[in-house]
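If you read the sequences in order, they're chains U and G.
Going letter by letter, the first sequence gives residues 107 to 185 in this note's numbering.
Going letter by letter, the second sequence gives residues 4 to 432 in this note's numbering.
Calculated from the structure, these hints are not laboratory results.
Since this is a predicted model, take the numbers as computed values, not measurements.
Backbone N, C-alpha and C define an ideal beta-carbon position, used for all residues, glycine too.
One or more of the hints may lead you astray.
[Claimed, not checked] If you want a taste of the chain G side facing chain U, the calculated C-beta under 8 Å gives, among others:
| no. | residue |
| --- | --- |
| 1 | E67 |
| 2 | Y249 |
| 3 | F349 |
[Said to hold, decoys possible] Simulated crosslink set (EDC-like; lysine to aspartate or glutamate; CA at most 16 Å straight-line):
| no. | chain 1 | residue 1 | chain 2 | residue 2 |
| --- | --- | --- | --- | --- |
| 4 | G | K367 | G | D380 |
| 5 | G | K70 | U | D131 |
| 6 | G | K72 | G | D243 |
| 7 | G | K412 | G | D380 |
| 8 | G | K379 | G | D424 |
| 9 | G | K397 | U | E146 |
| 10 | G | K400 | G | D424 |
| 11 | G | K70 | G | D151 |
| 12 | G | K412 | G | D362 |
| 13 | G | K72 | U | D162 |
| 14 | G | K379 | G | D362 |
| 15 | G | K70 | G | D185 |
| 16 | G | K412 | G | D361 |
| 17 | G | K72 | U | E180 |
| 18 | G | K399 | U | D142 |
| 19 | G | K70 | G | D154 |
| 20 | G | K397 | G | E421 |
| 21 | G | K70 | U | E146 |
| 22 | G | K400 | U | E146 |
| 23 | G | K399 | U | E180 |
| 24 | G | K195 | G | E231 |
| 25 | G | K379 | G | D391 |
| 26 | G | K195 | G | D154 |
| 27 | G | K367 | G | E208 |
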Amino acid sequence: MSSQDGQPTSVADVTTPPTVVPVSDVPSSARVHHFDELSERTQVALSTATPTGRLDIDPSTTRLSRGDIVVFTEYLRIQ
Amino acid sequence: MREIAIHINPEYKRRVMSQSYVIVGDGIAGASAAETLREEEPDADITIITDEGEPLYNRILIKEFAKGKLPEAPISIHEESWYDDRDVDLVLNTLITDIDPEGHTVTAHDGTEFDYDKLLLAIGGTPTQLPVENSDADGIHHFWTFQDARDIKDHIEQADNSVVIGAGLLGIDLAAITAAQDVEGKYLMRGKAWWRYALSQDGAEIIHNALRERNVEPVFDSGVDHFEVDDDGHVTTAVDPNDDHYDADFVGIAIGLNFNTEIIDGTGIDYDNGIHTDEYMRTNHEDIFAAGDITEFHDLILGERAQNGAWGSAKEQGTIAAKNMVEYGSEEFRWVSSYSITHFDFPFLSFGHPTLGDDHVEAKYSDTEWRRLAIKDGKIVGGVLIGDLSPQTKYKKLMREQVDVSGQKEVLVKQDFELDDLEGAAAEQ
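With the sequences and hints as input, model every part of the structure.
Here it is, written out as structure tokens:
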């Protein structure tokens with residue numbers, strides 16, 4: 107999901123809880139984070155994501171944006 | 004003629020004259036320091052000098068690039084315009100070779116001098132060379148910079164077989180790169196387990212099995228005695244101390260870092276394996292600070308000097324150093340670091356100082372779930388979690404708050420451990 111100017115939409119901009127989906131290809135334009143760059147709270151949320159991919163994080167406290175990719179045990183896209 | 008000494012009150016000078024800050028090193032520590040300095044002092048002169056040929060990139064993602072899984076663009080963190088936009092002078096391809104603390108100057112390899120009021124040394128390290136015959140042959144790689152990753156990717160994509168040396172956190176990155184590129188490999192280790200200073204055999208075996216599943220075979224009680232090369236000087240074989248021969252047209256070595264302390268020698272700045280700093284990241288010279296994995300900082304949680312190369316720790320140290328360069332004593336570095344491995348289908352995270360301590364407790368819950376906590380003087384000082392990272396917040400809290408967990412080791416490693424499970428004073432923290 108992107109805003110009209112093509113930039114990633116902040117998780118905080120949207121009220122629905124963020125989810126993650128595995129991806130295999132990463133476009134050159136993607137913003138990519140390694141798991142170690144994330145806050146402890148976001149790390150725990152990612153490592154305990156529900157089977158549906160829903161993340162238990164407060165959208166206003168994470169630096170992740172929708173469309174970002176996180177390198178964890180697999181590549182996960184935030185949406 | 005009489006000389007007249009003019010003394011300017013330092014606080015007055017700080018307020019009315021623009022300060023000059025020089026940062027040596029454009030890794031995450033140096034770059035985060037520059038960003039903080041600009042926020043704290045809009046009018047200051049800020050210069051970053053690096054011997055690398057490109058601005059800040061994401062050092063903890065370059066392994067993914069070498070695996071062939073990430074394109075190059077997302078690895079870059081700052082374009083040169085980032086520095087222009089913040090009025091920070093970025094000087095690339097420039098190696099600082101001399102520091103004059105009294106004269107407040109640093110000198111580059113080409114003789115250029117840079118004056119400073121406050122200096123930050125974020126100069127990191129360089130990979131340790133293996134002191135054996137032919138260790139500089141073509142086809143033998145060390146892994147530290149983005150350029151190293153590019154060279155490794157170019158080579159491994161053409162390789163038939165590989166050998167990796169270095170049973171630690173950097174070595175396993177090289178092993179994972181060979182696995183991701185579908186190159187059969189041997190992983191030579193001196194002991195009987197990977198990262199034997201932090202993991203027991205039970206914990207290490209989870210990693211060994213994951214490597215074997217990816218066609219990388221751990222070889223124990225091994226190492227390298229010498230390399231054999233062909234007529235063109237390209238490596239062909241690694242020969243271990245048992246005289247076992249391992250074919251390899253690609254070799255990766257990660258046996259540690261030599262910290263770049265040679266320019267400190269003779270300056271009067273205290274150092275040992277790294278540069279000594281206090282908890283404000285200041286050296287024994289009041290105008291010189293250090294940050295990142297070059298520092299041996301006073302660790303307030305551990306109660307002794309410590310060194311840490313994790314990304315988050317280096318970033319925080321850069322920020323804290325900058326704040327204290329502007330106003331000394333304004334903020335302490337108090338941090339529980341963590342480092343994860345993301346190569347396998349189970350998570351792995353180490354935190355604090357898992358190789359230290361006078362006691363430990365560990366538990367294995369399944370073939371892919373295991374924990375170990377390092378304890379010193381009755382307090383957690385580090386640990387390793389494999390398979391389930393959810394307890395990390397609780398363990399880090401106990402470590403950060405220096406809670407005495409004496410006599411409750413077994414409670415700590417209950418699979419569903421909660422802080423309320425601890426008895427007495429510990430539970431009240």
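Structure-based check of all given hints:
1. E67: holds (6 Å)
2. Y249: violated (29 Å)
3. F349: Check passed: Cβ of F349 of chain G comes within 7 Å of chain U, closer than 8 Å.
4. G:K367 with G:D380: Measuring from Cα to Cα gives roughly 24 Å; hence the hint is violated.
5. G:K70 with U:D131: Holds, at about 13 Å.
6. G:K72 with G:D243: Judged against 16 Å, a Cα distance of about 32 Å means the pair is violated.
7. G:K412 with G:D380: Answer holds: K412 of chain G to D380 of chain G is near 13 Å, not above 16 Å.
8. G:K379 with G:D424: violated (20 Å)
9. G:K397 with U:E146: Holds - the C-alpha atoms of E146 of chain U and K397 of chain G are around 11 Å apart, at most 16 Å.
10. G:K400 with G:D424: holds (14 Å)
11. G:K70 with G:D151: Distance of about 13 Å is within 16 Å: holds.
12. G:K412 with G:D362: holds (10 Å)
13. G:K72 with U:D162: violated (28 Å)
14. G:K379 with G:D362: With Cα atoms ~6 Å apart, K379 of chain G and D362 of chain G stay inside 16 Å; holds.
15. G:K70 with G:D185: holds (10 Å)
16. G:K412 with G:D361: Holds, because 13 Å separates the two Cα atoms, which is no more than 16 Å.
17. G:K72 with U:E180: holds (11 Å)
18. G:K399 with U:D142: Given pair K399 of chain G, D142 of chain U holds - Cα atoms ~15 Å apart, limit 16 Å.
19. G:K70 with G:D154: holds (12 Å)
20. G:K397 with G:E421: holds (7 Å)
21. G:K70 with U:E146: Not OK: K70 of chain G and E146 of chain U at ~26 Å, beyond 16 Å, violated.
22. G:K400 with U:E146: holds (11 Å)
23. G:K399 with U:E180: Given that 16 Å is the threshold and the Cα spacing comes to 25 Å, the pair is violated.
24. G:K195 with G:E231: Violated: K195 of chain G and E231 of chain G sit about 25 Å apart, past 16 Å.
25. G:K379 with G:D391: violated (24 Å)
26. G:K195 with G:D154: Status violated; Cα separation ~31 Å.
27. G:K367 with G:E208: Status holds; Cα separation ~11 Å.
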